[in-house]
Amino acid sequence: MELVCPAGNYPSLKSAVDNGADAVYIGFRDETNARHFAGLNFSDKRALKALEYARDRKVRIFVAVNTFAQADNWSKWERAVDTASDLGVDALIAADSGVLGYAAEKHPSLNLHLSVQGSATNQGSLEFYHQNFDIKRAVLPRVLSLKQVAALTEKSPVELEVFAFGSLCIMAEGRCLLSSYVTGESPNTAGACSPASAVRWQETAAGGMDTRLGGKLIDRFKAGEQAGYPTLCKGRFEVEGDINHALEEPTSLNTLDLIPELSVMGIGAVKIEGRQRSPAYVGEVTRVWREALDHYKQAPSSYRAKDQWMRALGKLSEGSQTTLGAYSRPWQ
Amino acid sequence: MQTTLGPLLHFWSKNEVFDFYEQVAESGFDRICLGEVTCGKRRELKLADWLELARRLQNSGKNVILSTMTLLESQSDYFQLKKVCGNEEFLVEANDMAAVQELSSRGLDFVTGPSVNIYNAYALKHLQKLGLKRWVMPVELSAEKLKAVLAQAESLGISESLETEVFSYGYMPLAYSARCFTARVNKLNKDACEFTCLKTPNGIPLATQEGEKLFTINGIQTMSGQCMNLLDQWWMMEDMGVSSMRFSAHSKEVFTALDKVLAQLELEQPGETMPVNDQCNGYWFGRNGLEMEQI
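Protein chains in written order, with the numbering used here: chain A, 4 to 335; chain B, 11 to 305.
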């Protein structure tokens, strides 16, 4: 399985490449990609440098142009696709039928991957993107159980990539508007979820911390409690008189345990989330995953996720806890 | 301006569903979307029941459409979708690209619901070639964004035969998950959920710790905490070339909302604002979705 790692800037890219990524995915510095954060991502010039660094070390570069193109700004998405093609990247990751259609028509030799934002969870949807845009790979939304992923692998007309580690989206990607409901910006439109510009950290009289998004209270931490980023689906809310994590707790996806199953069922690539993360984070996660995948390859039948790997990844996880997410039925 | 009643997003008992659609048959809606779109486990009505309702509504003069599931996970979800697409009697509303694929490969015309992501006219043009007749704008887009999409459609020469619908009234579907939040609230496992969502026919409110209503939990779906109210925007929509307004029912209040609009349409002039409980219209005005802009 190919190890696909994130890079939000050039140091992270080097970190991913140096620690054993097979491929690195990046985005340009605007709302054409789903991690459109201030100070993050690549200018054309930086992207070229990244490509050269990766190429020299036989690592592939993918570019994500995976938001939905806004009609009043369409040329931005066209330009992003053209730039990726001119750079000669190894794959363009896109979700919008308009963008995919443009890429397929204008740059027929460009290798297209369907982004997770394309929300393809089933055979019919995968066939749609394959037949219409000749995609070569699709990234699956984090909504299928392991059994369902296995069944889909048998029917899929294209190679599949799944999320392996990182922040856990608990909603079907490309179909979550919670962020724009509260802040006006969503992954689909602005490439941002719970954007930093809408966040407010407020110390409380009792020495704790209130975290707000768009003015709405997302969580309230007691003095001494580690205050987390106010992501909408991971806040503490009041439902039927109880206050708790009604949707999900702060936690990260970690599938080191599933490497044998994913590999046997024929998954083509595993993806690490986190273009917004630091070079140190990217390097450490990449290193652990490289080691794990190599271990599995050397001795598939005796593979077991090592405690030291789990501990290393646990430390890098939201709320210091990890989950198998939707891959495991009880989580659902 | 036409009026569409979108598919029922909540889980009601079979009797309640039949009773509700009896009233729909007598209502002023032009067009009715039928079918389970939220959760594959909700099977109070089978396809045959929906078809029976569809025929009944058609006989009372309604234009009837069958809607497909939004988030497909299992093989059986997919087979069910193929069955709906192959019904051979009624036009189908695709809520996932799987339905677009199924319908277009059968050479059938189709319409798309709000969860098929169409944010520009290039996407529209592509789908139109495959048989798209009408689309529902994603709920998060504003009037200004819609104008831009329609202007782009004009420049691509596809606006002639294109019909546009806007989600104008009701609690908006905002997100879909593998997890069932209603089961989670009730400390049940999704695989043994006891169909507990039957007990909360309008969903379960989720509020901040300061008591501000934020979302509505509806099984695997998270809906808006406020009811979208664009009832007084019909004249602006008409100006822009929108051909129908979509209503979504959380209760029989939907008939009151419809009657308010129909009364204004009758007079052919904008009336005063029509407040509904717990309302929002922010998306339409390019703001946070949950806001209520006073016009």
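Fair warning: there could be bad hints in the mix.
What the hints assert, rightly or not - Here chain A is said to cover these stretches of chain B; the calculated rule only asks that three of the stretch's residues, wherever they fall, bring their Cβ under 8 Å from a Cβ of chain A:
#	segment
1	38-51
2	69-79
3	109-121
4	158-166
5	188-199
Think of the hints as simulated: they come from the structure by calculation, not from any bench.
In this text, all values refer to a predicted model and were calculated from it rather than measured experimentally.
Ideal placement from N, C-alpha and C gives every residue a C-beta, glycine not left out.
Against the structure, the hints come out as follows:
With 0 residues carrying a beta carbon less than 8 Å from a beta carbon of chain A, the segment 38-51 of chain B misses the three-residue requirement, and the given coverage is violated. A stretch counts as covered by a chain when three or more of its residues have a beta carbon under 8 Å from one of that chain; for the segment 69-79 of chain B and chain A the count is 0, and the coverage is violated. With 4 residues having a Cβ less than 8 Å from any Cβ of chain A, the segment 109-121 of chain B passes the three-residue criterion, so the hint holds. Note: the segment 158-166 of chain B has 4 residues with beta-carbon separation from chain A under 8 Å; the three-residue rule is met and the coverage holds.
Residue count for the segment 188-199 of chain B with a Cβ under 8 Å from a Cβ of chain A: 7. That meets the three needed, and the coverage hint holds.
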